[in-house]
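Visitor: The primary structure of each chain is shown beneath.
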Amino acid sequence: MRLLLSLFLSALALPALAAEGTRIQVKGEIIDTWCYYSGVMGGPDSVVGSAHHTCALWCSAGGIPVGMLAEDGTVYMILKMAGDENANGGDTILKMAAHTVEVDGMHYTRDGLDYLVVSDVVSDLDIQNKTHEDYGNVPSFSIPDPN
Amino acid sequence: MKHLIALLALAATPLAAQDFSEGSEAKTWNLYAEVPAKFEATVVDVLCDLTGDCPENCGNGTRQLGLLRSADDVMVFPLKNNQPAFTGAATDLLPYCGQTVTVDGLLIEDEDFPVKNIYLVQTVTTADGTTAKANQWTKEWAKANPDAKGKGPWFRRDPRVKAIIAEEGYLGLGLETDEAYIAENF
Numbered sequence: 001m002r003l004l005l006s007l008f009l010s011a012l013a014l015p016a017l018a019a020e021g022t023r024i025q026v027k028g029e030i031i032d033t034w035c036y037y038s039g040v041m042g043g044p045d046s047v048v049g050s051a052h053h054t055c056a057l058w059c060s061a062g063g064i065p066v067g068m069l070a071e072d073g074t075v076y077m078i079l080k081m082a083g084d085e086n087a088n089g090g091d092t093i094l095k096m097a098a099h100t101v102e103v104d105g106m107h108y109t110r111d112g113l114d115y116l117v118v119s120d121v122v123s124d125l126d127i128q129n130k131t132h133e134d135y136g137n138v139p140s141f142s143i144p145d146p147n
Numbered sequence: 148m149k150h151l152i153a154l155l156a157l158a159a160t161p162l163a164a165q166d167f168s169e170g171s172e173a174k175t176w177n178l179y180a181e182v183p184a185k186f187e188a189t190v191v192d193v194l195c196d197l198t199g200d201c202p203e204n205c206g207n208g209t210r211q212l213g214l215l216r217s218a219d220d221v222m223v224f225p226l227k228n229n230q231p232a233f234t235g236a237a238t239d240l241l242p243y244c245g246q247t248v249t250v251d252g253l254l255i256e257d258e259d260f261p262v263k264n265i266y267l268v269q270t271v272t273t274a275d276g277t278t279a280k281a282n283q284w285t286k287e288w289a290k291a292n293p294d295a296k297g298k299g300p301w302f303r304r305d306p307r308v309k310a311i312i313a314e315e316g317y318l319g320l321g322l323e324t325d326e327a328y329i330a331e332n333f
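For the record, the sequence lines run as chains A and B. Position 50 of the first sequence, counted from 1, bears residue number 50 in our numbering, the numbering being contiguous throughout. Position 155 of the second sequence, counted from 1, bears residue number 302 in our numbering, the numbering being contiguous throughout.
To be clear, the hints were calculated from the coordinates, so they are not data collected in a lab. Keep in mind the model is a prediction, meaning the values are calculated, not measured. A virtual CB, placed ideally from N, CA and C, is assigned to each residue, including glycine. One thing to keep in mind: the hints can contain errors.
Simulated restraints on C-beta separations [stated by the list, open to error]:
id, chain 1, residue 1, chain 2, residue 2, range
1, B, 307, A, 130, 19 to 25 Å
2, A, 123, B, 322, 23 to 29 Å
3, A, 126, B, 280, 37 to 43 Å
4, A, 24, B, 274, 36 to 42 Å
5, A, 145, B, 176, 22 to 28 Å
6, B, 296, A, 44, 31 to 37 Å
7, A, 111, B, 279, 36 to 42 Å
8, A, 128, B, 272, 29 to 35 Å
9, B, 309, A, 43, 24 to 30 Å
10, A, 141, B, 321, 20 to 26 Å
11, A, 42, B, 310, 23 to 29 Å
12, B, 258, A, 23, 26 to 32 Å
Can you make the complete structure from the sequences, with help from the hints?
Guide: Have a look at this one:
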């Protein structure tokens, strides 16, 4: 009984320990997670790629967590990008807004969310997703009216 | 054995979906999946929690912060503060690193998307009952960017954003693409 109780109490303590990570290499687009999940600017297909590039810059510079939308639809919340310690509006992730990249890093899951600690950017393919052809610029005020 | 079964039942309770809307005074943002939610949580460095890499003071503003909910030990990830200005929550939460606070705001919950446990924080109340609105980001930006004073919102004046747009264009595909797009659409 004591052994059972002690095992049970140990199990209760487990969530306080660091999670087990898995090393992965994954390809996807660097996205603005708030607009993607909240729907504040429109559906998820309209808030990625070139249509949303400027807004993604604003959100990244504003410290909204940057994500990586993988080809299988998984969104990884990026907690560190290669050598840049700053995941709260840092320069490295800012410059990658809307880019398609292939990265190597450690994957963690917790409470339904996927997190990624990127150790290496294997390739940066710039913007591949030309969504402005279907959605224009999102939001519409992201490009100041020149007239 | 009865005690053990009772303990197991208690441990299983947080697995069931809980309603944190009671007592919430969160204002709507008219988001399709928003759910008002007020709960007690500890402000944590997410990277530290997951990996054990734990610098002082939650990384002093360089890291994304999480809300470890007291009721069920769920890590809620705040993506947004309460300013309608493309601003995250980490800067507003940093003063509370390691503290147990009560937050009020909006969870985004949609089983079909699927998405859960992401949050827009509107207020933070400390143990002594002091409540602060989560709207400090733009003030911190203004302090860090004294040369970017001027009219219009911060995101039109931010030097880093302006530099990237000047080089890559609004669409990010180069200035020529921008020029053709603007000529056609404005």
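Visitor: Just tell me: holds or violated, for the beta carbon distance of residue 42 of chain A and residue 310 of chain B against 23 to 29 Å?
Guide: holds (27 Å)
Visitor: Given the hint of 36 to 42 Å, check if residue 111 of chain A and residue 279 of chain B actually sit that far apart at their C-beta atoms.
Guide: At roughly 26 Å between Cβ atoms, residue 279 of chain B and residue 111 of chain A fall outside 36 to 42 Å, so the hint is violated.
Visitor: How does the Cβ-Cβ distance of residue 307 of chain B and residue 130 of chain A compare with 19 to 25 Å: does it lie in that range?
Guide: holds (24 Å)
Visitor: Return holds or violated for the Cβ distance of residue 309 of chain B and residue 43 of chain A against the range 24 to 30 Å.
Guide: holds (29 Å)
Visitor: Quick check on a hinted range of 26 to 32 Å for residue 258 of chain B and residue 23 of chain A, using CB atoms only.
Guide: holds (30 Å)
Visitor: Honestly, do residue 141 of chain A and residue 321 of chain B meet the 20 to 26 Å range at C-beta?
Guide: holds (21 Å)
Visitor: A range of 36 to 42 Å was offered for this pair. Does it hold for the Cβ distance of residue 24 of chain A and residue 274 of chain B?
Guide: holds (40 Å)
Visitor: With 22 to 28 Å as the target window, see if residue 145 of chain A and residue 176 of chain B comply at their CB atoms.
Guide: holds (26 Å)
Visitor: Please check whether residue 126 of chain A and residue 280 of chain B have a Cβ separation lying inside 37 to 43 Å.
Guide: holds (39 Å)
Visitor: Honestly, do residue 123 of chain A and residue 322 of chain B meet the 23 to 29 Å range at C-beta?
Guide: holds (24 Å)
Visitor: Using the C-beta atoms of residue 296 of chain B and residue 44 of chain A, is the stated range 31 to 37 Å upheld?
Guide: The hinted range 31 to 37 Å holds for residue 296 of chain B and residue 44 of chain A, with Cβ atoms some 36 Å apart.
Visitor: Holds or violated: 29 to 35 Å for the Cβ distance of residue 128 of chain A and residue 272 of chain B?
Guide: violated (45 Å)
Hint compliance for this structure: hints 7, 8 are not met, and every other hint is.
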